[in-house]
Amino acid sequence: MEQVIVLGTGNAQALNCYNTCFALKEGNEYLLVDTGGGNGILKQLNNQNIPLNQIHHIFITHEHTDHILGIPWMIRFIGALMNQNKYDGNLYVYCHSDLVNTIRTIVELIVQKKFYKFDDRMFLVPLEDGDTKEILGNQITFFDIKSTKVKQYGFSLIQPNGDKITFTGDEPYRDAIQEYVKESTWLFHEAFCLYSQRKIFKPYEKYHSTVKDACQLAEELKIPNLLLWHTEDKNILSRKTLYMEEGKQYYSGNLFIPNDGEIINLINQ
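Residue 3 is where the sequence shown starts when you use the working numbering, and the numbers rise one by one after that.
Hints listed in this document are in silico derivations from the structure and should not be mistaken for laboratory results. Treat the hints with care, since some could be wrong.
[Stated by the list, open to error] Listed below are the simulated BS3-like cross-link pairs for lysine-lysine, each with C-alpha atoms no more than 30 angstroms apart in a straight line: (1) Lys151 x Lys88; (2) Lys45 x Lys236; (3) Lys208 x Lys166; (4) Lys119 x Lys224; (5) Lys184 x Lys208.
[What the hints assert, rightly or not] Cβ pair distances, simulated, as ranges: (6) Ser198 x Glu222: 42 to 52 angstroms; (7) Ile269 x Glu110: 38 to 48 angstroms; (8) Glu110 x Lys45: 22 to 32 angstroms.
All residues carry an ideal CB built from backbone N, CA and C; glycine is no exception.
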């Protein structure tokens, strides 16, 4: 994958930025990871000039509203393109096996039948822990992050040049997923707030980590590139500066605190 296009960086209650989701770009195609909490996904994609007919692969991590509720809109609009003969090929939606019926039910309840084409040109692909798929020429291994809230999957992606990109979902790293995270070139990790503001935002009560925690982890695992998101949005105007200042106290690698809409090159960092 050449780039990560950051579509959203906020947590479930964010009002000043979109919920955390992103697209990985390979050539002229994209892998969309999560869809945020509604039709805002369409605006975010439009803002980044990502055409819907160049998205043939979507991965949904888990069932929480801020990750899954954009999928009916994606189905609705891609289905319309299919009906107009403006979408070549099929759409594949990957998720853990327990989530397949949830997505199907949501879509069938609220999207007109003429727009969804399950088992015809739209395929819900069930994943089990450790499954590997080739997507856009990259080997991607999906894994259970061992969430204590709801079942959730992340992934590790091996680039053609051998670089490894690992996304651990929206909960802190656990030793149980070490085999997937170790030797990563990139780690995409959540950081709910600053450690210095933990008493304000209470991340640990929500099963989240702080900037300090994530940075100490990446330093310990010797990961050269760390990207942090899924944050509170009360500090949105100064978030990048504040998070960078705290993070650099604990992490010596390349630290990225993106805003919505940022594009980060994943090659030759």
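Each hint tested on the structure:
1. For the hint pairing Lys151 with Lys88, the CA-to-CA distance comes to about 40 angstroms; that exceeds 30 angstroms, so the pair is violated.
2. At roughly 22 angstroms between alpha-carbon atoms, Lys45 and Lys236 fall within 30 angstroms of each other, so this suggested pair holds.
3. Between Lys208 and Lys166 the alpha-carbon distance is near 29 angstroms, which keeps this suggested pair within the 30 angstroms criterion.
4. For the hint linking Lys119 to Lys224, the alpha-carbon distance of about 45 angstroms lies beyond 30 angstroms, and the restraint is violated.
5. Among the hinted pairs, Lys184 with Lys208 is consistent with the structure: their alpha-carbon atoms are about 25 angstroms apart, no more than 30 angstroms.
6. Roughly 20 angstroms separates the CB atoms of Ser198 and Glu222, a value that falls outside the hinted 42 to 52 angstroms.
7. Our hint of 38 to 48 angstroms for Ile269 and Glu110 holds, since their Cβ atoms are close to 40 angstroms apart.
8. One distance hint, 22 to 32 angstroms for the beta-carbon pair Glu110 and Lys45, holds here, with the actual separation near 25 angstroms.
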